[in-house]
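Got chain X sorted already, so can you dock chain P onto it with the hints?
The residues making up each chain are set out below.
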Amino acid sequence: MKRDKKRKGKKSNYKNRLSLFQRPDIRFNRSCPLSVKDAPSIDYKNIKLLRKYISDTGKILPSRITSVCQNKQRKLSSAIKKAKILGLV
Amino acid sequence: MAFYEHTFVGKQDLSDKEIDNLVSKYSDIIKKSGKILKTEKWGLLNLATKIKRNRKGIFIHFKFEGKNKIVKDIEKKLSIENGIIRYLTVKYNKLDLNKEYFNFKKKNKFYEKR
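Heads up: the protein sequence lines correspond to chains X and P, in order.
Take the first sequence: its letters are residues 8 to 96, numbered as in our numbering.
Take the second sequence: its letters are residues 209 to 322, numbered as in our numbering.
These aren't lab readings, by the way, just hints derived from the structure by calculation.
Ideal Cβ placement from N, Cα and C applies to all residues, glycine included.
There's no promise every hint is true.
Heads up, incomplete: computed chain P residues facing chain X, CB under 8 Å, no partners named [claimed, not checked]: (1) V217; (2) A256; (3) G265; (4) R294; (5) Y309.
If we strip away everything but chain X, and leave its shape as in the complex, we get (with noise of 0.2 Å):
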């Protein structure tokens, strides 16, 4: 996809830092916690699996800090929206 080209060029260099003044290899090879082997169902009923993935002020946190690969961020961003409207979460 164009959106991938795009992303690709920048996503190498500061592939999972927050600050410029981080050293670059704190976290690099993270994996994504969701797609190991045995990682918990992603659903909007599972509350205690989502907030961790909310900021403390209700904000979904973003791939690049949880490192959250992209279609479980997707499924994970589906299901806060759900449980929002329940007010789960």
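What follows is chain P alone, placed relative to chain X:
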């Protein structure tokens, strides 16, 4: 025949009697042309934000199988019901029935922390 998960949130001052006839009313609608797989009472949970001026809500959860006509009937009736503040229906192509997230046999310390 798709699988649906329907939850609705009742006001906190609903008595048990009102909740029971709410549950029976909507399960009859589902039973007319569908099949209820599971009903769950999540009980009184405190809401993240204030919805229509109440902080706590009573959650009722249905898992059923049926046509989308059922969902239209339920949501039409739910919107005019005054005891209900929020509802959500989710369509699935397959459901796992055994996973339960809200059965607090013991007092769950998770909710005190908030």
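Which of the listed hints are not met by the structure? none
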